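Asker: Residue numbers (my numbering), protein chains in the order written: chain A, 1 to 458; chain B, 1001 to 1511.
You may find that some hints are simply not true.
Derived EDC-like pairs (lysine to aspartate or glutamate); straight-line CA-CA distance at most 16 Å [stated by the list, open to error]:
1) B:K1495 <-> A:D230
2) B:K1495 <-> A:D22
3) B:K1441 <-> B:D1408
If you are wondering where the hints come from, they were derived from the structure by calculation, not from laboratory data.
Here the structure is a predicted model, which is why all the values come from computation and not from measurement.
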Amino acid sequence: MFDEEVVPSTATSRTAYSLPIDPLYTAEPPITDDLISVTSTAQGNTVDQCLPLLKAQDNSIEYNIHGVPRLRRRKIINYLKLTLGQLPAPFVAADASRPWSLYWALNGMSLLGEDVSQYREGLCATAQHLQNDTGGFGGGFGQQSHLATTYAMILALAIVGGEEAYAIIDRRAMWKWLCALKHPGGGFQMSVGGEVDVRGAYCAAVIISLLNLPLDLSSDSPARAAGVTDLFAGLDSYVRRCQTYEGGISGKPDAEAHGAYAFCALGCLSILDAPHRIIPRILDVPRLISWLSARQYAPEGGFSGRTNKLVDGCYSHWVGACWPLIQASLGESASRQPEESPTLETHSFYDREGLIRYILSCGQDHSSRGGMRDKPGKRSDAYHTCYVLSGLSSAQHIVTTDTLRVEQVANVTWTVLPHPGDQIYDQEDLLNPTDPVYAIPQGAREDMMNFFLSKPGF
Amino acid sequence: MPPKGKGAAKAKIPDSKPSEPQTVLQRAQQVYEATNPLEAAREQHGLNGLSTVERTAYINSEFVSTGTTDQLGKKAQKELWKQVNEASIPPRKLPKPKPEAWGKDKYGRNIAEYGLEQFHDRSDKILQLATLKLDSKEFRDTRYRASRKLKNGLTGESYVLTDEDIEAEKERRKEMAALMDDLYGEKMGSYSVDPAWDDVVPIPQTEPEGALAAIAYPEDYAESTSYLRAVMAAKEYSPRCLKLTEHIISMNPAHYTVWLYRFAIIQHLDIPLLDELTWLNEVSLDFQKNYQIWHHRQLLTDHYYPTIAGTPDQVKRFASSERDFMMEMLIEDAKNYHVWTYRQYAVRKLGMWDEDELRSISGMINQDVRNNSAWSHRFFIVFSNPAYATEGSHATEHDPAIPAEIVDREVEYAKEKIKLAPQNQSPWNYLKGVLVKGGRKLGSVREYTEQYVDDLGQDTEQVRSSHALDQLVDIYVEAGEKEKADLCLRRLGEKWDRIRLGYWEWKRTTL
Ligand SMILES: [Zn+2]
């Protein structure tokens, strides 16, 4: 593994011949209105902060021949390791989201190729501590179970893997609890008494499918009283109600389209059925694609979460990870003949070079702190480190779905391979692939699913 | 600098007559020496400095003190005891004092090193604390008896607890807390000090061995969440619990469990809505980015609404005050997602489909024509209005029930706003949304849209809005003019919106 602290950096990398950078990434866009408003001022400031980095003008940064900064692997790993240790008092603000810290750090390290099995024991102890007898995991000790923290904890357990980790999960209690969260409107409450939104739809679908839980609603489920009998019933139409006139997906019906919810919606649907069947049936796909595509800005190259909002590194995942699912929904690879050797379809709906430039130039915290961030001027944190890296991995890989299987079963086989050919990032900066739907290493997802597939019922 | 204590100077062990001891340890050493004359002599002169008799006596006494004399033969035991008696060694001797025997103070200093005065001072405080604890126990016992309406067995009088008693106990707890801190460095939290919380046994946060991402909680937070776990487990819904939730929220507003618990308390106690909202408004302004606050507000509105639903005036007043508060929040961040989501909820719940809401939104769009959250809300209040809209009509499909004049009005509104800043995507998205919703042909805005594009594909090409070019693609497709559409897409990818080249190219394949 490349380690910038051990391998002496060659002075040549800065002074050597470097290729010119396309002005698309270094110059103001061709059209700018002269009307000034809060939005345009914020946008202008962001471009001003990104440009020096995009132009490779900061001499303290090591650039490759394409004018792209190197990924500071070791620094990022060390930063994530710190977030798994004892945290100082200001982290009280994270007291209700501890499973998230675990997932962010472990997933980030896996993407970077770090062995995370050393954390298995500690994670198991922590998970047991946060699991409630009534099913699910709380954000902290003695806290109510929450769909988001339960989702994060299960993913964390999948990442470290091993039967010892899987066995911690009380599946029966989990199922009972999910039955209590099921809303008559098709969606899921985030916690008993909590809000219903698209996050809940995605988190529940991930949990149910990973743990192979029975879909029948328990007899005491409140949704059953409203005539719902199945955990997945009405979930797709709930997601449909969240598409807006802009084409994107909102957190709840009636709200504004938002990138994070777009991924939750597509991820949820891709679990319910094969994307090429369910996504066009449930959503207006052309409108969605148009809106998703408008999330990428020039010259920054990064994605924004909403119309007229600023780019932010975390949408590299939330928006970036939508694209393989969109591609699958169009059946782009479904027309391939089964006997044909897999030819990699390299067409991309978005500008991969732009996104990768944004991530490595603007999304890295270049200070001694390490880690990944929202944008220049912001400090890194575990959340952004995980999702910016996840977005980078997604941009570096190409996803294909297996045709034959698509026709036969709902569970699609996704193949994730590095983009072939010359790339603007160095080979050492290639991250591990990630599962397009579950956002964890594919092997980790498969191992957990296989384990629970052997356990129908409880 | 305060003057140095007596114990600070290092005293030498005197040769002959012991002088005044300076520290606790020295004093104990002297007492020890008085009961161990031979040991004292050996420590001063060494074993070889003793006379033969002294040496024999010393060794014998050490042997006797080990308690293992019965391991000797009978004859040897007899001889030993004879010698011991002749030497008249004191039959009881104190063990040699060890410096750690007194323990350490809160700074980690051995109390054995304390000066005598300092030591007495500490002993006094320990005594004082013990007395206070006894008094406090007396208070608790009396309170218990009073609560059970018990009578004094001797006098037959009832036990009563007066306000003065409670005040005195509060003072007592403060003194105890100060002493605990002073003596042991142990902080008594605000709950363990408060007599009102005596009946609750806190459930402290424990961490398993090797736990990951454990937080070093500030004492205040650790204590209050310990009490929270206890009262939640006991399903207690009382005013003191309401205060407790307030305290925890002030330290960590993201603690969703405490919010849900707080709402349960409000239901049980039937807390007046306005009281809760006054508090909540302040918290909301303090924690702009918080999620839980707005779900809590929604729960409150759901809970309160049935009590006013029958009085339209009251509903209107409430809606108006809600709007005022949301506008206050939106001054800080005009795109705050949680506020907007609550606003959409409030519109449905409180029926805010009126002119006031539309005017308020128009005002926001006037302030920043690029505020997409405001545009999105406008679409919602115009096209989901149950007065005419079809329930459940999807946002991206035609709703024939929308009156034509409303579609006209909104088309004109969007066109007018586009003029202010043609490269602003919000009104373009809105315009397309309105046309589709209203079942209008995109061609109905062809001329309008074309005015932002001159001489496409020629040397004199001018584009004032890439969004106009995007819209022209759909307009030309609708009109069956594929080549024109394709030219727009090519020019978008080549020049006017290059970052979206992959999308424009894909769209070309769909023509
Ligand atoms: Zn972000």
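Asker: It remains to establish, for every hint, whether it holds in the given structure.
Answerer: Right, here's what the structure says about each hint:
1. B:K1495 <-> A:D230: Roughly 51 Å between the alpha carbons, so the hint for B:K1495 and A:D230 is violated.
2. B:K1495 <-> A:D22: 13 Å, holds
3. B:K1441 <-> B:D1408: Answer holds: B:K1441 to B:D1408 is near 13 Å, not above 16 Å.
Hint check: a violation occurs at hint 1 only; the rest are consistent with the structure.
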